[in-house]
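S.K.: Sequence:
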Amino acid sequence: MQWTDRIRQVKIVLVLVAVVIAVASLMVSHFLVKDLSDEERNKMEVWAQALHALNNADENSDVTLILNVLQGNNTIPVIVLDPGGNVTDYRNVRIKADNAEDSMLYVTRLGRQMFQSGKYIRIDLGDGVKDYQMVCYDESTMLKRLSSYPYVQLGIVLIFVIVAIFALLSSKRAEQNKVWVGLSKETAHQLGTPISSLMAWVEILKENYPDDTLIPEMDKDVKRLERIAERFSKIGSLPEPVDASMNDVMEHVIDYMDRRTSSKVQILRNFPDHDVIVKMNASLFEWVIENLCKNAVDAMEGSGRIVLSLMDEANKVVVEVEDNGKGIRKKDISNVFTPGFTTKKRGWGLGLSLARRIVEEYHKGKIFVKSSEVGKGTTFRIELRKQ
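Letter by letter, the sequence shown follows residues 46 to 432 of this note's numbering.
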């Protein structure tokens, strides 16, 4: 199993656990709010009974307990309406009006809204059908805050999780960059000594065997090693881009691939007639095209066609590498540039990751899979802005 698949599974598990925790928190809060709402409903029924007892009291009745009950409600908004929908009394209502007339209109409208929402208790005052009052009430401020608290809490937790994930990813990316730079510098350093030795031996062979046709080829390979070491040494630094011919870069890649791939692999050109000049580091960018071509050869399993296209557009230069190999599965396309991801039996899965780093960080361009279909092939596209 690929490391990327394991990481994806861990992310899915974490998301599912977070969803379960969120749902459980909301359910607990829902039941708690419901219990408190039922308790407030019971309190209002007692309050309504006390109001009914006060309305039916005479001069000989002891209303001390009744008044204590009525005055004991300091949290739940209550509006008492008559059969005509007019306000006869209200309590714990925060008035939002400038004068007394507007205040009554506001309280009346609020009481009717409470009635329409079903939060009311009917009190029959006598034997007549119209002799009653409606005790309308609303949730207390504490209950409203408690109802919204879980969502605020989840929002804060979500923000914290997002910030934590972003910080972890940034830290991981910075750590990976340090590893990349250290590995590249150390590789360049380790290659330097044997390359210098090989260069000296090649010069000795040239002097002793000036007519040997194989020695120039050996010299080319040694220079190739020197160029690779130079590329590794530039990883981690920001090489200054200079004007260079993209046509020449592509031709160098074609020349290199032609001499090192099977005759069954055909490399086709699709270049404009004029030189396309771009500000770039030619050595590093050549490496990018080589990586794409080598991946294409692997995908074709040593037999097929590679088309290198170069397009000079109004504000950008486009390079496309197309092959007719086995293609990339849709679920893998988003991971092809991830360090360590590979579908090959051998390899570290670093080539495309390095290619993206060179294109995006060093040349401020874009590289992506333009199209891919299993069994038909893949097209990679690189876009560089014109300076």
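Hint data in this document are derived by calculation from the structure and do not stem from the laboratory.
Because the structure is a prediction, the values reported are computed rather than measured.
Don't take every hint at face value.
Derived lysine-lysine pairs resembling DSS-like cross-links, with alpha carbons at most 27 angstroms apart [unchecked claim]:
#, residue 1, residue 2
1, Lys189, Lys309
2, Lys409, Lys431
3, Lys409, Lys361
4, Lys324, Lys189
5, Lys324, Lys251
6, Lys309, Lys361
7, Lys309, Lys324
8, Lys251, Lys141
9, Lys371, Lys409
10, Lys339, Lys268
11, Lys411, Lys431
12, Lys411, Lys375
13, Lys164, Lys141
14, Lys361, Lys324
15, Lys371, Lys431
16, Lys164, Lys309
17, Lys415, Lys339
18, Lys339, Lys411
19, Lys79, Lys164
20, Lys415, Lys371
21, Lys376, Lys324
22, Lys415, Lys375
23, Lys324, Lys421
24, Lys431, Lys375
25, Lys265, Lys251
26, Lys251, Lys79
27, Lys431, Lys376
28, Lys431, Lys421
29, Lys339, Lys409
30, Lys409, Lys421
31, Lys376, Lys411
32, Lys189, Lys268
S.K.: Are the hints correct? Go through all of them and say.
M.R.: Quick rundown of the hints versus the structure:
1. Lys189 <-> Lys309: 75 angstroms, violated
2. Lys409 <-> Lys431: Holds - the C-alpha atoms of Lys431 and Lys409 are around 10 angstroms apart, at most 27 angstroms.
3. Lys409 <-> Lys361: Roughly 12 angstroms between the alpha carbons, so the hint for Lys409 and Lys361 holds.
4. Lys324 <-> Lys189: 62 angstroms, violated
5. Lys324 <-> Lys251: Not OK: Lys324 and Lys251 at ~37 angstroms, beyond 27 angstroms, violated.
6. Lys309 <-> Lys361: Status violated; Cα separation ~33 angstroms.
7. Lys309 <-> Lys324: 35 angstroms, violated
8. Lys251 <-> Lys141: Judged against 27 angstroms, a Cα distance of about 99 angstroms means the pair is violated.
9. Lys371 <-> Lys409: 30 angstroms, violated
10. Lys339 <-> Lys268: 20 angstroms, holds
11. Lys411 <-> Lys431: 13 angstroms, holds
12. Lys411 <-> Lys375: 20 angstroms, holds
13. Lys164 <-> Lys141: Distance ~21 angstroms between Lys164 and Lys141 Cα, so the pair holds.
14. Lys361 <-> Lys324: Distance ~11 angstroms between Lys361 and Lys324 Cα, so the pair holds.
15. Lys371 <-> Lys431: With a Cα-Cα distance of about 33 angstroms, the restraint between Lys371 and Lys431 is violated, given a limit of 27 angstroms.
16. Lys164 <-> Lys309: 83 angstroms, violated
17. Lys415 <-> Lys339: 18 angstroms, holds
18. Lys339 <-> Lys411: Measuring from Cα to Cα gives roughly 20 angstroms; hence the hint holds.
19. Lys79 <-> Lys164: Given pair Lys79, Lys164 holds - Cα atoms ~14 angstroms apart, limit 27 angstroms.
20. Lys415 <-> Lys371: 15 angstroms, holds
21. Lys376 <-> Lys324: Violated, at roughly 35 angstroms.
22. Lys415 <-> Lys375: Since the Cα atoms of Lys415 and Lys375 sit roughly 12 angstroms apart, the hinted pair holds (cutoff 27 angstroms).
23. Lys324 <-> Lys421: 34 angstroms, violated
24. Lys431 <-> Lys375: Cα-Cα ~32 angstroms, so violated.
25. Lys265 <-> Lys251: With Cα atoms ~13 angstroms apart, Lys265 and Lys251 stay inside 27 angstroms; holds.
26. Lys251 <-> Lys79: 93 angstroms, violated
27. Lys431 <-> Lys376: 33 angstroms, violated
28. Lys431 <-> Lys421: Between Lys431 and Lys421 the Cα gap is close to 32 angstroms, so the pair fails against 27 angstroms, i.e. violated.
29. Lys339 <-> Lys409: Holds, because 23 angstroms separates the two Cα atoms, which is no more than 27 angstroms.
30. Lys409 <-> Lys421: It is violated: about 31 angstroms lies between the C-alpha atoms, which goes past 27 angstroms.
31. Lys376 <-> Lys411: 21 angstroms, holds
32. Lys189 <-> Lys268: Violated: Lys189 and Lys268 sit about 76 angstroms apart, past 27 angstroms.
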